[in-house]
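Take these sequences, add in the hints, and give me the full structure.
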Amino acid sequence: MAAIEKKFTLKFPSSTENLALVREFVTGIGKQSQMNTADISKLELAVDEACANVIEHAYGHDISKEVIIRATFDDSEVRVSVIDTGRGFDPTKVDPPTLEQLISQRKSGGLGIRLIKSLMDEVSYEIVPGQKNELHMSKKIRKDPAG
Amino acid sequence: MSGVSKEEFIVANPFSIQTSKIDGLSIIAIEGFVDAHTAPSFENAILSEIESGNYRIVVNCEKLNYISSAGLGVFMSFIEEVREKGGDIKICGLVDKVKSTFVILGFQEIFDIVDDKTTAMQRFAAG
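Chains as they are written, first to last, in this note's numbering: chain B, 2 to 148; chain S, 35 to 161.
Because the hints were derived from the structure by calculation, they are not lab data. None of the hints are false.
Calculated cross-link-like contacts (lysine-lysine; reagent style DSS-like; alpha-carbon spacing at most 25 Å):
no.: 1; chain 1: B; residue 1: K118; chain 2: B; residue 2: K133
no.: 2; chain 1: S; residue 1: K131; chain 2: B; residue 2: K144
no.: 3; chain 1: S; residue 1: K131; chain 2: B; residue 2: K32
no.: 4; chain 1: S; residue 1: K131; chain 2: B; residue 2: K118
no.: 5; chain 1: S; residue 1: K97; chain 2: B; residue 2: K32
no.: 6; chain 1: S; residue 1: K133; chain 2: B; residue 2: K141
no.: 7; chain 1: S; residue 1: K133; chain 2: B; residue 2: K118
no.: 8; chain 1: B; residue 1: K118; chain 2: B; residue 2: K144
no.: 9; chain 1: S; residue 1: K131; chain 2: B; residue 2: K141
Written out as structure tokens, the structure reads:
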């Protein structure tokens, strides 16, 4: 029997106050997929970082804009896409700065992309100029030991 | 139209922050979550200490259950200035989930991360 794919969507106004809701949503998906607890935390953080980037950079804190999260999972992996219609920027093509570089420049940004790449198995970016930007992330499901 | 209504959700573990002074040290206790929304409050708390000339800072994270890069960035943006002034930002009480985020980014190489507040204070006393 073919694995059934489950699909979920969350749309929310582009404001950082909604990041807590995003994390609740993503944590719920992780639990349903039976991903282990440590990996759920990684998924939660990666999606938070992706959404924070959209809110701050793609939309410049414009709360009238909408961020969309599409999450799907089957028996083997969880896939999450973060979709916006703001300024396109391909974070996967940027070499994230090192911690030392950021400290010496007294910059506090630039860590999000480094985290997303570390936390997820696969990360890719799709841009349709003038229409939408989609950051796709996936993580294999490793279950907690039974019992 | 938004897909969610704020009123329908009660998010657990809201953010709070408290600053106290013990033996000439500034102890900043952060609780709940530090994300892109709450990081500015954390930033202001550290900035307030620095502007008052308090460069010996302990950030007590024992009640912190989540941090994203926005919160980690706050530590990074002040550490050099504080050390130049002869002080430090020592981090204590990290729960495992939060600690793993610090470790992924290599924070343990740059920051003095200790188990608890007492140890952090002793580290300052030891110079």
